[in-house]
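Assemble the complex: chain A is given as a structure, and chains E and B must be docked to it using the hints.
Chains as they are written, first to last, in numbering that gives the first Met the number 0: chain A, 0 to 388; chain E, 0 to 151; chain B, 0 to 160.
Keep in mind that the hints are not guaranteed to be accurate.
To be verified - Here are some of the chain E residues that sit facing chain B, going by a computed Cβ distance under 7 Å: (1) Leu10; (2) Phe23; (3) Val24; (4) Leu32; (5) Gly140.
Stated by the list, open to error - With a Cα cut of at most 27 Å, we get these calculated DSS-like pairs of lysine-lysine: (6) Lys98/B / Lys21/E; (7) Lys98/B / Lys15/E; (8) Lys138/B / Lys35/B; (9) Lys98/B / Lys44/B; (10) Lys15/E / Lys39/B; (11) Lys268/A / Lys362/A; (12) Lys132/B / Lys44/B; (13) Lys98/B / Lys126/B; (14) Lys43/A / Lys62/E; (15) Lys76/E / Lys135/E; (16) Lys268/A / Lys385/A; (17) Lys62/E / Lys75/A; (18) Lys138/B / Lys15/E; (19) Lys385/A / Lys362/A; (20) Lys38/B / Lys15/E; (21) Lys227/A / Lys309/A; (22) Lys15/E / Lys35/B; (23) Lys138/B / Lys38/B; (24) Lys268/A / Lys309/A; (25) Lys227/A / Lys362/A; (26) Lys75/A / Lys43/A.
Calculated directly from the structure, the hints in this document are not laboratory data.
Just so it is clear, CB atoms sit at the ideal spot from N, CA and C, and this is done for glycine as well.
One letter stands for each residue in the lines below.
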Amino acid sequence: MARRVAIVGIGQTHHQAHREDVNQVEMVNEAVTAALEDAQLRIKDIDCVLHGNMELFEGVHQPDMWHVDGDGAYLKSGMRLTTGGTTGGTIACAAYNHVASGLFDTVMAVGWEKQEEGHTTTGIAAMADPLWDRRLQTGAISGMTAATMIRDFGERAGEVAAMVRIRDGENASRNPYAHLRNKVTREEVMNSYMLVHPIRLLHMCPQSNGACVLIVASEEKAGRITEKPVWVKDHVTTHMEAMLNETILMRDDLAEWASMRVCARKLYKRNGITNPVNEIDLFEMYDPMVWMEMEWADWFLLLERGGYLKLVEDGVTDRNGSFPVNPSGGVVTTNPIGATALIRVAEAALQIRGDAGEHQVDKEVKTAMASAFGGTFWTILHLLSKERP
Amino acid sequence: MTEESLQEEPLVVHGKLEIPFKQFVGAVASKFLIELRDNKRIFGMRCPECRLVYVPPRSICPKCMCRMDEWVEVSDKGTVLTYSVINYKEPTQPVEPPFVYGIIQLDGADTGIVHFISGVDHENLRVGMRVQAVFKEEREGNILDIKHFKRL
Amino acid sequence: MAKKAADEYLVMPYLVSVPCNFSAGPYMGRLLREMKEHKKLWGNKCPSCGRIMFPPRAVCGQCHGVEAGDWVELSDKGTIFAFDVCYYPYIDPSTGQPKAVPWARGVIQLDGGGALIHFLEPPDPDKLHPGMKVQAVWKEEGRTGEMMDILYFQPIEEDKR
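Only chain A is shown next, with the shape it has when bound in the complex (with noise of 0.2 Å):
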């Protein structure tokens, strides 16, 4: 039986287009300083640091034993994950592990990537197979999603796109650690510059520097470090095929087996959950544009296909809505890919405490739920909760 775990401190950088003024390693100990800050707690009070980027965005092998200067991991237990964009979503996973094994008692999830010492787009193209899909990438930014939308819905469905970032931007314009802060108007986003046809710029996520730090702590440790623990109540990850080909043909022939839908469907069977809409308070959702969040929404919260264009339509994913959908902007204003699943679960804990500031949501946050998405088309989910499980 796994010992219940408790997320009891958060840190992060202001995540920023440019840190020419710091290298990897002191960015990432500006989010640990920050999460121990917060925990108050002393690099000494962890037991073990699990660390994770996507390596070929700044081309350091193995950047962990580097990052041993900045995150604390000197002479502790550790280990390194990388799953593509999940990294993040996966490190918030193994640090649940780690705890709730009864191996440590406290563990410190190290997710970060400094975008502007690559080239992001090259680095997501590597990760295609080399005998066949590599020389065909473009990377993140597919405009299939978007084709199959619009083909779908038609204008409303490009209005709906302009919609949803319009709301980005105005949380992140209340969140000070985002990246692209300014709000933005329907026409900045319907005439931004075309990347991969119909996906244009305002609709895709930056490239962002940036750390994002969670400790988490075992049931007795948390009740004496915080009065606030954010409990990590389950999570799924659900794999999908490597092959792209096949992966975007699941939308349309076989589209029962999405990982998205077969992961959220695991998560609410295992927590009882019928109607994710009604029963979850927020959802942080890992959506790198906002046609993929159009999408794979009806998948995560089991509407039919284009339910969720009614929900943004009708202000309910707002911040001040009855489902708020990505009150810290999401990762269309900030996507330092290693750190950004776990800025989900780090953004997801921050509602539940009431600590998000601005850009706290106003209902009252019991239940929240954070997605992670990467490689080709994998998910991961977390359920958090303000009541013990």
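Only chains E and B this time, still in chain A's reference frame:
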């Protein structure tokens, strides 16, 4: 298409990974490298808690997990802690073999710095030998602004 | 010596240039050999779920490891399922150079079964559409046994939108 066809000689696809990166060294390392480039001076950083002097300098002491900002100039002379003679060729090497790597503790530093030792017959290399940095005439702001260390 | 750290921030340029030799394995190897020598595409079938796997492989992942069955010769004509036209000149990790833009790729469902992603010509969103019939254009000379032995797919007929 039969089982036999699967026994054929394996096919190998020749590929390449080629990506240009740029790594920001940070403000502290920048200062260290600028001092090498502009003034041919070598600096370390002292930890306020454990008092160790790190060369090259960094901003965080890994043992104490604290920020450091006390700059300490160290000598361009030091002692060889250990060395290794490289005889084989690899594409990633900065110079043609044979060449010598040494870990050198500069006077005033508590850590060793990795660099080349040059101009010494390999039989005469010794742990504990005294060496001195030889700077390049044209310097760019990287560790190879020191060309190598020579025997004192 | 001033305590302040630098105002000038240095950056180290650093080129990762690593030649790699990837073993194709007997299944992929067979496909690439057939492409090189005969301009043919082959997939294989999962005996459990019946799907045609392209590129061919040893096991069906979706059936969690069922060993692949019969080889199936596939057409080099198909239908566009979805496509991308890229305007963003990112650096190709196989060359270290920016890709020439615009270029297009599509998921193409091959007639009779199997699907692949490949380049499409022309790279113009007004001249391509899902459902369009396309045909592979092969390299006539100098095929080496890689996916670039097909140069691209192009529309078979003038297709009005």
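How the hints compare with the structure:
1. Leu10: holds, 4 Å
2. Phe23: holds, 5 Å
3. Val24: holds, 5 Å
4. Leu32: This hint holds: leucine 32/E lies near chain B, its Cβ roughly 5 Å from the closest one there, short of 7 Å.
5. Gly140: Holds. Min distance 5 Å.
6. Lys98/B / Lys21/E: holds, 19 Å
7. Lys98/B / Lys15/E: holds, 15 Å
8. Lys138/B / Lys35/B: With a Cα-Cα distance of about 9 Å, the restraint between lysine 138/B and lysine 35/B holds, given a limit of 27 Å.
9. Lys98/B / Lys44/B: violated, 35 Å
10. Lys15/E / Lys39/B: holds, 26 Å
11. Lys268/A / Lys362/A: Between lysine 268/A and lysine 362/A the Cα gap is close to 25 Å, so the pair holds against 27 Å.
12. Lys132/B / Lys44/B: Holds, at about 24 Å.
13. Lys98/B / Lys126/B: holds, 21 Å
14. Lys43/A / Lys62/E: Judged against 27 Å, a Cα distance of about 10 Å means the pair holds.
15. Lys76/E / Lys135/E: Holds, at about 16 Å.
16. Lys268/A / Lys385/A: Roughly 20 Å separates the two Cα atoms, so the pair holds.
17. Lys62/E / Lys75/A: It holds: about 11 Å lies between the C-alpha atoms, which stays within 27 Å.
18. Lys138/B / Lys15/E: Within the cut-off at roughly 21 Å; holds.
19. Lys385/A / Lys362/A: Status holds; Cα separation ~14 Å.
20. Lys38/B / Lys15/E: holds, 25 Å
21. Lys227/A / Lys309/A: Not OK: lysine 227/A and lysine 309/A at ~35 Å, beyond 27 Å, violated.
22. Lys15/E / Lys35/B: Answer holds: lysine 15/E to lysine 35/B is near 20 Å, not above 27 Å.
23. Lys138/B / Lys38/B: Holds - the C-alpha atoms of lysine 38/B and lysine 138/B are around 9 Å apart, at most 27 Å.
24. Lys268/A / Lys309/A: Given that 27 Å is the threshold and the Cα spacing comes to 25 Å, the pair holds.
25. Lys227/A / Lys362/A: holds, 17 Å
26. Lys75/A / Lys43/A: Measuring from Cα to Cα gives roughly 9 Å; hence the hint holds.
In terms of the numbered hints stated before, the structure departs from hints 9 and 21, listed from lowest to highest.
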